[in-house]
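S.K.: Protein sequence lines correspond, in order, to chains A and B. Each number in the numbering used here comes from the position in the first sequence (counting from 1) with 3 added on. Each number in the numbering used here comes from the position in the second sequence (counting from 1) with 786 added on.
A few of these clues could be false.
What the simulated footprint calls covered on chain B by chain A, stretch by stretch (three residues with Cβ under 8 Å from a Cβ of chain A suffice, anywhere in the stretch; the number is not a length) [what the hints assert, rightly or not]:
no.	segment
1	950-964
2	968-980
Far from chain A, some chain B residues (derived; all Cβ distances over 12 Å) [as the list claims (entries may be wrong)]:
no.	residue
3	821
4	828
5	830
6	832
7	835
8	842
9	854
10	867
11	884
12	905
13	921
14	930
15	1053
16	1055
17	1057
In case anyone wonders, no lab produced these hints; they're calculated from the structure. Using N, Cα and C, we set each Cβ at its ideal position, and we do this for glycine too.
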Amino acid sequence: MVPIEIRDVSLIYDTPGGKVPGVKDVNLNIGASEFVCIVGPSGCGKSTLLNIVAGFLEPAAGEIRIGGKKVDGHGMDRGVVFQDFAQLFPWRTALGNVTFGLEMKGVPKDERERIAHEQLRLVKLDKFTGSYPHHLSGGMQQRVAIARALAYNPSVLLMDEPFAALDALTRDDMQRLLAEVWRETRKTVIYVTHNVSEAVYLADRVIVMTPHPGTVKAEIRIPLSRPRDPLSVEFLDFQKELLRHLGHETGTNEPTKTNGKADA
Amino acid sequence: MQDAVTTIMVDRTLDRSQGGERIRLIARNVFPFVVVGGIWEIIAWSGIFPRRLFPTLEEVAASFVQLTITGILPHHAIETLIRLLTGFALAGIFGVTIGVLMGRSRRAEDIFLPLVSIGAPIPGLAYAPLFLLWFGLGNISAVLLVGFVSAFPIIFNSWTGVKAVKEIWVRSAQAMGADDRRLFRHVILPGALPYILTGLRLGLAQAWRILVAVEMLAAVPWGLGWLIFGARKFLNTDAMLAGIVVIALIGLALEKFVFQKIENYTVVRWGMISS
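Bound conformation, chain B alone (with noise of 0.2 Å):
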């Protein structure tokens, strides 16, 4: 008896804890955007930079409240994004399957290799014009300039990721009569999920940048890399700042919805990475 009321006890006092600990990992998180909100704030209200160019953070909430209920942030958001998966599935397609291949054929490897190494650390902006010229402006320079700059993060990881499969799963498979399809299926691309899930992350952001720089150049009628572009002609640092909320809330979505979920479900899982 005696005992099980102090465990009650001991277990009360856990509980509490636990719940001060998660109030502290908030606050812990919080802090850093309150005193960049106060900075922000101060210099605001100081008047070093004119209003109209250096908003209050109330200011930019109405306005992104104003530019959300008139549907007109909204509209942007959705232009970007679907920009942004369809230019980011097509670089999941290829990417994935070329860095595969490469980590596969020897042969495959001498093609790609020197091609990507080379194409790789050119900035992805530096293509803009070239697509630019060659398939207009608009959506599709916009998405396949998207899809091709994001292309080489994920044929790295997926290449290195098959290389780094254990060799003792694939004899281990072989030994239990695993032709090379089934190789492949089974062994292969799990055992190299960590890197090309990695790979996957790397080129979403690297979208991002590209696709948000490509509105601005590319005369898209609707996008939030070019409502944040042309809001400057009316001096609206209010909507640019209202645009780079949303693109921050997007790509944490992405982060916490997306990728967390499917790591959480795979390699997470399977002890391959740890949380």
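For reference, chain A alone in the conformation it holds in the complex (with noise of 0.2 Å):
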């Protein structure tokens, strides 16, 4: 797998009440098959810093590298999972949308399937391979999503709040699911959540930024032994370092009362 490399990046947004900074010089090294987590509150630039590596915005300034290769648009390199369900497509089923991105590659059809059914029982929906995606759960549909990033073999995983709009228990499920794909794979992730027991959990390194403008605050490594306990008094601790970084942002002396409104 690949190192990703971002420098100095900064981009603003012309919106009709002026010109509004996104992000503001943004340094970050990930390392070959790491796993970071980009956490922050709403408006922090988190989800627009994910959006210029995989290539859909540009950045007024500085560059991003991946292995080494300037990034020039979207690229085969990375896969890209999305918070929306509605990403699928919903007129082919699991396995054709699995199938995608092997297609535009110009894989042949036997050997597309073969990859796209390995995939779907990586995620664990292999039973339902002929499926259309709206007889398929919230939760499903974001597992064929993951699947459908991976089947390519990009070398990076971006992830956008992919489970946000899950219900609690089903986030636990999807997100021991991932910590288990991503053992498998060593892809290099870049994750963005605003939940930050999911950042524990999830990143080898947590990346905390602050809105207004968008600014990496702190960086946090989580050097805990996987599977993780989220219960494990080591855990909590890092949770509360995290908070206490957040809360400090939201203006409260009291970290802790702000664990709801990070979690939120």
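Need the complex rebuilt from these two chains, each delivered in its own frame; the hints are there to steer you.
M.R.: See below:
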């Protein structure tokens, strides 16, 4: 897998109310096969940054290098998973969705279906290969989306709050599943979330961003061994530390009180 | 064991109630026709209109059977159907192409939208004399007019459909390496299909309206419009009504066996619209 370098990246949004800085002077080095979570309140530029790495947005200044190669638009070295369940193509079955990237790549039919079956097995959906998205639950649709982003074997996986719209129980399952998938595939992952416990559960390193303008405020390494126990003391300590960084920004002196806010 | 018996009994009751449901559904659909038919018969028998101008349903049915057996009605119907489908096919091809182009390209939108916006509200029949002068009496005028007039709703809906394709589908497809051509074929077209089908359906209704009217004007030798119009000379109201019945039946058949089938196989199966 490959490292990602984010160098002096800035982006300014042109809105009717004037120019609004999206992200400002962001510098990040992400190691090969590293799982990085970016957390922060709404408007801190975390999704903007992800979209720049994905190539959907062009930075006003700075550059992104993936495996040493400068990013110029979207490319098949990156797989993207969005928050919206509607990202799947309703006119294609789960299998058809997963084969899409391989089809674009020109992989022969038999081969791409074999790979798609494998990917769907990885996300535990091998019984639903022939189902259309509207027959799948939200959690299942997001699993198809993950399989779809992995199928054409990108070296980087970019995830924008993929589980934010799921209920809490499903979200726990999905986090466990994603941790497993990551262990098996060893992709370099950038995962955007506003859920602190999710970040501590998944990440090697958590980046805290703050808004106006979106900048990196803190980086916290999570050296806990996997699988992680969300109720262990160490886990909760990291969670507290993260909340302290976030709570400071919301102006409260009582960091634990912001738990609900940061988690919402 | 007890459970099994109960289950079977429950199943039976379910079956019966489902059968009853179906009969009730049919009854509900048939009821308005029975009422209108009854009123029709009362007027026909009451002598308010001369019987010749307001035949009873039996006479219409007899005339329908007679015209069908002699092959006159099928001949008219086939001529009309060929014109309808040729004109509609033209409208479909050009309408979808122009509409999709408008949705995809700003320049095409700038060129076509004003033209289409002005052209669409004009009643199709207003163009008829022009087409008859340009292309003469007969099939060519009829087919071209049908194609021209029914293209408008198809253009509008295809355009809207392309505009309504979700940005997230486009982004996903691009992230997975789709170039413009394949984005169009694998995302834009299926994504816009619910709207395109609606446009085609409206276009077909439009095609019917203009075709029957123009058959009355264009002095074509065969066709349902001509049958209905021509029958007035001989006060053949039963033949007129038989022609109207055939129009209704063809319309119903196209809706049931073409449009609904296509929808069920595509957008309904994909959950993009509910059946």
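S.K.: Report holds if the minimum CB distance from residue 854(B) to chain A is greater than 12 Å, and violated otherwise.
M.R.: holds, 42 Å
S.K.: Residue 921(B): least C-beta distance to chain A exceeds 12 Å?
M.R.: holds, 40 Å
S.K.: Please verify that the nearest CB of chain A lies beyond 12 Å from residue 867(B)'s CB.
M.R.: holds, 31 Å
S.K.: Is residue 821(B) truly not at the interface, in the sense that its beta carbon sits beyond 12 Å from all beta carbons of chain A?
M.R.: Holds, since 40 Å exceeds 12 Å.
S.K.: Are there at least three residues in the segment 950-964 of chain B whose beta carbon sits under 8 Å from a beta carbon of chain A?
M.R.: holds (count 11)
S.K.: When you look at the beta carbon of residue 1053(B), is every beta carbon of chain A farther off than 12 Å?
M.R.: violated, 8 Å
S.K.: Beyond 12 Å on every Cβ pair: is that true for residue 1055(B) relative to chain A?
M.R.: Label violated. Min Cβ-Cβ 7 Å, cutoff 12 Å.
S.K.: Beyond 12 Å from chain A, beta-carbon-wise, is residue 884(B)?
M.R.: Check passes; 23 Å lies beyond 12 Å.
S.K.: Evaluate the condition: distance from the CB of residue 828(B) to the nearest CB of chain A exceeds 12 Å.
M.R.: Answer for residue 828(B): holds, closest chain A Cβ roughly 50 Å.
S.K.: Quick one: work out the minimum CB distance from residue 835(B) to chain A and report holds if it exceeds 12 Å, violated otherwise.
M.R.: holds, 54 Å
S.K.: Residue 832(B) clear of chain A by more than 12 Å, beta carbon to beta carbon?
M.R.: Nearest chain A Cβ is 55 Å from residue 832(B), so the label holds.
S.K.: Determine whether the non-interface label on residue 830(B) survives the test: each CB of chain A must be over 12 Å from its CB.
M.R.: Non-interface label stands for residue 830(B): nearest chain A Cβ at 51 Å, farther than 12 Å.
Consistency with the previously given hints fails for numbers 15, 16, 17, ordered from lowest to highest.
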